[in-house]
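Chemist: The primary structure of each chain is shown beneath.
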Amino acid sequence: MSLLSIHDLCFRYGEKSVLKNFSLEVEEGEFVSLLGPSGCGKTTALMLIAGFEYPESGSIVVGGENLNDVPAYRRNMGMVFQNYALFPHMSILDNVAYGLRQRKISKPAAYKAAEEVLSLVQLQGMAHRFPGQISGGQQQRVALARAIVIKPRLLLLDESLSALDRKLRVEMEVELRKIQREVGITTIFVTHDQEEALTMSDRVALMRDGSIEQYDQPSVIYEQPKNLFVAGFLGKANFLKGDIEAAQDGHYSMRLEDGNRVQFGVPRPLEVGSSYTIGVRPEKMEISATPTENATMPGTVSLVTYAGGVTQYEIQALGKEWMVQSQNATVHGAIFDAGQQVWFGWKPDNSLIL
Amino acid sequence: MQSVETHAGFSRTIGRALRSSPLLPLLPGILAIVFLFLWPLGQMIYFSFTDPTVGLENYRRFFQTPAEIRSLGTTMWVSFLATLLCAVIGYIYAYSMANSSKAVSRLLMGAVVLPMGVNLLVRTFSLQAILRDTGLINELLKSIGLIQSPLPLIRNTFAVSVGIISMELPFMVLPIYNTMVQINRKLLLAGEGLGATPARVFLDIYLPLSLPGVFAGSLIVFVSSLAYYVVPQLLGSGSEMFLSQDVSNWIQLQAEFGYGATVGVILLILTLGTLLIASLFMNIDKTLSETTGAK
Amino acid sequence: MDRRRLGCFPLAFSFLVIVVLLAPILISVAMSFTSADTLTFPPVGFSLQWYQAVIHGPKWQDRLPVSLTVAVASSLLATSIATLAAFALVRGKIRGGNLISTLFIAPMIVPAVVLATGMYFVWTKGWSLGPITVGGRLVGTIPGLILADTVIGIPLPFILVRASLGSVDLSLEQAARNLGASPFTTFTTITLPLIMPGVLSGLIFAFMSSWDEVVIASFLSSPRVSTVPVAIFQQLRETLDPSAAAISSMLLLVSVTLVGLLSLARRKPAQLKEE
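Protein chains in written order, with our numbering: chain A, 215 to 568; chain B, 59 to 353; chain C, 669 to 943.
FYI, nobody ran anything at the bench for these hints, they're computed from the structure.
Be a bit skeptical, because a hint or two may be false.
Below, simulated PhoX-like cross-link-like pairs (lysine-lysine); rule was C-alpha separation at most 25 angstroms, straight line [claimed, not checked]:
| id | chain 1 | residue 1 | chain 2 | residue 2 |
| --- | --- | --- | --- | --- |
| 1 | B | Lys344 | C | Lys761 |
| 2 | A | Lys234 | C | Lys761 |
| 3 | A | Lys561 | A | Lys534 |
| 4 | A | Lys392 | A | Lys381 |
| 5 | A | Lys365 | A | Lys326 |
| 6 | A | Lys450 | A | Lys561 |
| 7 | A | Lys230 | C | Lys761 |
| 8 | A | Lys498 | A | Lys440 |
| 9 | A | Lys498 | A | Lys534 |
Far from chain C, by Cβ distances over 12 angstroms, these chain A residues were calculated [as the list claims (entries may be wrong)]:
| id | residue |
| --- | --- |
| 10 | Gly473 |
| 11 | Glu535 |
| 12 | Ile567 |
For each residue, glycine too, the CB sits at the ideal point set by N, CA and C.
Can you build the whole structure from these sequences, using the hints too?
Modeler: Here you go:
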């Protein structure tokens, strides 16, 4: 059975419905991200799990116990807040020991455990400073230490890395994941940063308007998005929308809304006469100076964006703009220039049928 | 097993009750306000209609007695006058506070805030000691031969106004100062940049932007002035009474409770009516909180 | 800006205002040290005889304990009530919260004489509704004065604590609950320490409002149980002799001490300051 099992949760703020039939299963030891645009209800879901808000209907079950009527302070969950919420009037040590003291653990024992966790997050020497006297990155570690020292059933992270600058954030991502594995703690991570969600999680739940659109491993959710929203939110994609007019050997001809026709292959059969949306990720496209097996469409490069490891091209073809990304496999930088005629396309397997 | 479940169920019920009633900490306050504040006011209003006879007799009597109308007039007129003078003095004072160096500004702030902490009786006494016939000013003027008999500086409206203004000035200065420091300097420079004379910039930009502070201060000062009792009692004349003195007179000396209550209700209506009208234009809670918070 | 045009007129005017505001207070202090029998300025000679007269006068000896008891008890009551109420109103989602807030501030708005009149009736006859009457006979008693001053003491602590609460991040309280602290423990270990400056300032203001109160006290006291301000008020209505200056100076000392305490209370603890 899952460690956390949320079933049909509904919640509203006044008139506004924030969560609609929100359901989620999390296994023991898993790292799960709740990802979505702002206002999608991901933070609210976390607040309901922590017990700061109570659902209108539905249930939250952890380890077989229904938490609906359990107040926040009896739920034994560790939370790292977006602004860290360190108690400004207490030393770092007292902050970390606070949860243990609430569990009637003696002061020396609590301090000892707190110091151990502080060394786990590499803050040994800071125990007697106050939150106002340490840096943002250090505050984040203290918040993490404070949340895990109580050995919570679940670790809840609310946009916990977003206040840090980019370099520190990447460092913390790695470290957080390391500590999470070391302690083996089941974690729910709320974020609006797709890269963060993909790199850190065992599974990602992509949310929109109060419910989950897709819940899967990062590679599945990226490579096999269930619908247009998922494909559009995670990474970039070129979208083709129109009616299938003809089929031949697994290749299809689609009439786009503006009347242009485009030919492509797909991994599974489509129905002629029906309307479809097809998505292709830029890095799955091929670009070439001459037509090849996959690069079958002519176009004109309109913009070249060089980004170190890859180059992003904008190509004008069939009355629309196509994003194509190619590896910079040599030391000569981008291969094509703006204004150049090129051929581009993609393997049938790389078509996403949405 | 069953008892454990019952226990858990019980504590859950308690938990639910606690979280559904954030009202619990509010309870002592509600009780205090209802029984110690609203009830007495209600009792007073009730008495004004029932003692000694049921009906509007007390109110008829009030509006048919010239002395009462005069004291209503005195209260309103002196309060108005004090508010007006306070606004003029307070505006200049706040202006120099907002446009001086930090050190001078802090000195001015201290000088206006400190007396607020000093007992009203002490301050009224000090005014008595200076304004009375044998007080400092009259003695001084006499000794340099400017006057033969003492000037009437006390036991009149003048002395009461001086008293009210000196007590209320801080409540005028603080809100005006608060709005003045929020005025964007760049607006003024822009005004000058567009070729306006300093006087035009002041009249067209600075004054209108600082007026909300003047209104807030004036409201506080006017409403407080209406309620003055100690100052007119010690500095005023016996013939021109404030409504507060009038109430005290009927209750404490004449023991005409119903009638005294009636005058009290009229003073209350005057106060609340002013605030009600003002609340159409400004946030009273915010105005009061900000002024007292600045202390 | 227009300093060029206005010159230093506003500043000069302001200093004149300061003189007019402060000089009377200083002069009355100076007059208290006179050795003459009448109030004069400059004082004649130097003596502490008027202070001795005040300290040894039976009137003050009776009233000082009453004033102190009432001020201490009512300020503690008012501040506790106001702190709890402010907490409930800021943190709870209470319908009609604005109206309730207004009620907690209202004792500051209603004229003292009006409130005194209403209290005089109720304190004398009790809380009566139809045939049922509870209480009464509170005029001229210490509990009666404490109840009255509790009411007028509520608004300032309420406003100050409410403002302090507004600056305490809600997530700090959530963090405490998340770590296992009950709502009560959260309040005592997190919220209360963080709003302490507001609570202490509120307490001092409540103390001052009771200690300085004269109107309501004069309605609710008897010749036997009365407060210091009521006695001074009576004396100032009758005769002005140097003992009035002496008692004023002593009250001034109390006021200055309280204002000093207030500025201490409002200072932030060192570790809360941003580095």
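Chemist: Against this structure, judge whether each hint is valid.
Modeler: Status of each hint after checking the structure:
| no. | hint | verdict |
| --- | --- | --- |
| 1 | Lys344(B) x Lys761(C) | 20 angstroms, holds |
| 2 | Lys234(A) x Lys761(C) | 23 angstroms, holds |
| 3 | Lys561(A) x Lys534(A) | 20 angstroms, holds |
| 4 | Lys392(A) x Lys381(A) | 17 angstroms, holds |
| 5 | Lys365(A) x Lys326(A) | 15 angstroms, holds |
| 6 | Lys450(A) x Lys561(A) | 17 angstroms, holds |
| 7 | Lys230(A) x Lys761(C) | 16 angstroms, holds |
| 8 | Lys498(A) x Lys440(A) | 18 angstroms, holds |
| 9 | Lys498(A) x Lys534(A) | 18 angstroms, holds |
| 10 | Gly473 | 55 angstroms, holds |
| 11 | Glu535 | 44 angstroms, holds |
| 12 | Ile567 | 44 angstroms, holds |
Of the hints listed earlier, there is not a single one the structure fails to meet.
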